[in-house]
Amino acid sequence: MLFNREVYKNRNFSKKKFENSLVKLELFKLFNKKGEFSKQIMIIPFLFLIIVIALGIALGVGLYYGPGYDFRNVDASALSNRVEKCLNENSNLLLDANKFYETCKIKKEVLENSKFILKVCKGLSLEDCASSENYIISSGSGFENCFLTGAKENKGYLKCSGRDILIDGVKISIVAGSNQQIKRINT
Amino acid sequence: MMIIQKQGKKEFIKMHKKGEVNELVSIIAYFVMYSHISSYKNGAAVWEDFYAKEISKILNSAKPGDQLSLDVDMAGNIARENKVFNDKEMFNFDNEKNEVCVKLNTGKKSCYSYFNNVEVIGWRVDPGMPADILRINIGKEAVNNAVQ
Chain A
1 MLFNREVYKN
11 RNFSKKKFEN
21 SLVKLELFKL
31 FNKKGEFSKQ
41 IMIIPFLFLI
51 IVIALGIALG
61 VGLYYGPGYD
71 FRNVDASALS
81 NRVEKCLNEN
91 SNLLLDANKF
101 YETCKIKKEV
111 LENSKFILKV
121 CKGLSLEDCA
131 SSENYIISSG
141 SGFENCFLTG
151 AKENKGYLKC
161 SGRDILIDGV
171 KISIVAGSNQ
181 QIKRINT
Chain B
188 MMIIQKQGKK
198 EFIKMHKKGE
208 VNELVSIIAY
218 FVMYSHISSY
228 KNGAAVWEDF
238 YAKEISKILN
248 SAKPGDQLSL
258 DVDMAGNIAR
268 ENKVFNDKEM
278 FNFDNEKNEV
288 CVKLNTGKKS
298 CYSYFNNVEV
308 IGWRVDPGMP
318 ADILRINIGK
328 EAVNNAVQ
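In the order they appear, the protein sequences are chains A and B. The letter at position 20 of the first sequence is residue 20 when you use my numbering, and the numbering goes up by one with no holes. Quick note, my numbering runs 187 ahead of the 1-based positions in the second sequence.
What the hints contain is simulated information worked out from the structure, not anything from laboratory work. Don't be surprised by glycine CBs; every beta carbon is placed ideally from N, CA and C. Check each hint, because a few of them may be wrong.
As the list claims (entries may be wrong) - Straight-line C-alpha distance at most 30 Å; calculated BS3-like pairs for lysine-lysine: (1) Lys108/A - Lys284/B; (2) Lys122/A - Lys250/B; (3) Lys244/B - Lys85/A; (4) Lys275/B - Lys244/B; (5) Lys105/A - Lys284/B; (6) Lys327/B - Lys85/A; (7) Lys155/A - Lys228/B; (8) Lys275/B - Lys108/A; (9) Lys155/A - Lys327/B; (10) Lys155/A - Lys275/B; (11) Lys183/A - Lys275/B; (12) Lys115/A - Lys250/B; (13) Lys171/A - Lys250/B; (14) Lys244/B - Lys183/A; (15) Lys183/A - Lys152/A; (16) Lys327/B - Lys250/B; (17) Lys183/A - Lys284/B; (18) Lys155/A - Lys244/B; (19) Lys244/B - Lys115/A; (20) Lys270/B - Lys228/B; (21) Lys270/B - Lys327/B.
To be verified - Derived CB-CB ranges, DEER-like: (22) Asn90/A - Asp258/B: 27 to 37 Å; (23) Ala318/B - Val170/A: 39 to 49 Å; (24) Leu211/B - Asn186/A: 17 to 27 Å.
As the list claims (entries may be wrong) - Sample of chain B residues facing chain A (criterion: CB under 8 Å; computed from the structure): (25) Leu211; (26) Val212; (27) Ala216; (28) Met220; (29) Ile224; (30) Phe237; (31) Lys244; (32) Ile245; (33) Ser248; (34) Asp281; (35) Asn285; (36) Lys290; (37) Gly294; (38) Cys298; (39) Ser300; (40) Phe302.
Based on the provided sequences and hints, a complete structural model is requested.
Below, the structure is given as structure tokens:
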């Protein structure tokens, strides 16, 4: 635009001078990479600003509405209660646990997919049951986390419920836990 | 001459594109933030969370053949304010996944799982005076576990 035909005619540039200036301009553009870099780097403060605003809004909403309704204790307690009741009514499951889920009407897939844990042991204390490989029923992992003293204050750890019961004179330990979180799904 | 004009055009297009990228990023960020904030409109996300968990609790203690009733007046009011009028859209039960979903605002819904192996065969919201009541019918036969 700057070097249009009119300017070229009015200022009486010679053709050679004009071509030389063109070459100089091309060379300038070729080696003047600093200018290009400064233009492109301006996207970083812009993105930084967007991220800071987004985090501020998310934090504000989170602080205003609170951390949510923690239901994991209730889940864990309901599961251990269901198992206790079921074993009391069907003590034969202690000898043959193959039909445990069917008899107790517990959906195994949900326990596996929704971060529930469940372990039932015979003749062991709750803590020993959590770390033992000698169990009647086990679903999930990380049973030891239920008995970590530091984990009680940590909201990220699962919430547990443990029960010691006596069935036909045999001590049965039930360790149940839940770390299920609400799922927000786009519709 | 032509070269410079072309270069100028290219520069202009480049600048224009850069401007477009900034605009695009701004628009995306705006929509993400807007959808996040609007999901909390009238406390919808908080009450979705509450009702999904409470319903999962009563389903965990349900037996085959039960008929359950739950006061969902607050949920009904919020959903109507946010233009969600359909009962089946407001509360949804997935018997395959054993999941209850609650939707009180357009856009997102909150889902929570229950471990009890029962089948929800029907549900409706009775708009009543003084409160809306969610009625859930549990099937008489428990669902069989496919995998043991």
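Comparing the hints with the structure gives:
1. Lys108/A - Lys284/B: holds, 11 Å
2. Lys122/A - Lys250/B: holds, 28 Å
3. Lys244/B - Lys85/A: Roughly 17 Å between the alpha carbons, so the hint for Lys244/B and Lys85/A holds.
4. Lys275/B - Lys244/B: holds, 20 Å
5. Lys105/A - Lys284/B: Cα-Cα ~14 Å, so holds.
6. Lys327/B - Lys85/A: Distance of about 20 Å is within 30 Å: holds.
7. Lys155/A - Lys228/B: Holds: Lys155/A and Lys228/B sit about 26 Å apart, inside 30 Å.
8. Lys275/B - Lys108/A: Distance ~27 Å between Lys275/B and Lys108/A Cα, so the pair holds.
9. Lys155/A - Lys327/B: violated, 39 Å
10. Lys155/A - Lys275/B: Status violated; Cα separation ~34 Å.
11. Lys183/A - Lys275/B: Between Lys183/A and Lys275/B the Cα gap is close to 18 Å, so the pair holds against 30 Å.
12. Lys115/A - Lys250/B: holds, 23 Å
13. Lys171/A - Lys250/B: Roughly 28 Å between the alpha carbons, so the hint for Lys171/A and Lys250/B holds.
14. Lys244/B - Lys183/A: Distance ~16 Å between Lys244/B and Lys183/A Cα, so the pair holds.
15. Lys183/A - Lys152/A: Answer holds: Lys183/A to Lys152/A is near 24 Å, not above 30 Å.
16. Lys327/B - Lys250/B: holds, 8 Å
17. Lys183/A - Lys284/B: This hinted pair holds, its Cα atoms lying about 13 Å apart.
18. Lys155/A - Lys244/B: Distance of about 21 Å is within 30 Å: holds.
19. Lys244/B - Lys115/A: holds, 16 Å
20. Lys270/B - Lys228/B: Roughly 12 Å separates the two Cα atoms, so the pair holds.
21. Lys270/B - Lys327/B: violated, 35 Å
22. Asn90/A - Asp258/B: 27 to 37 Å: holds, 35 Å
23. Ala318/B - Val170/A: 39 to 49 Å: holds, 48 Å
24. Leu211/B - Asn186/A: 17 to 27 Å: holds, 21 Å
25. Leu211: Not OK, violated: Leu211/B not within 8 Å of chain A, min 12 Å.
26. Val212: holds, 6 Å
27. Ala216: holds, 5 Å
28. Met220: holds, 5 Å
29. Ile224: Hint holds; Ile224/B Cβ to chain A Cβ min 6 Å, cut 8 Å.
30. Phe237: holds, 5 Å
31. Lys244: Holds. Min distance 6 Å.
32. Ile245: violated, 10 Å
33. Ser248: holds, 7 Å
34. Asp281: Since chain A brings no Cβ nearer than about 11 Å to Asp281/B, farther than 8 Å, the hint is violated.
35. Asn285: holds, 5 Å
36. Lys290: This hint holds: Lys290/B lies near chain A, its Cβ roughly 7 Å from the closest one there, short of 8 Å.
37. Gly294: holds, 7 Å
38. Cys298: holds, 4 Å
39. Ser300: holds, 4 Å
40. Phe302: holds, 5 Å
Violated hints, listed in ascending order, are 9, 10, 21, 25, 32, 34; each of the other numbered hints is respected by the structure.
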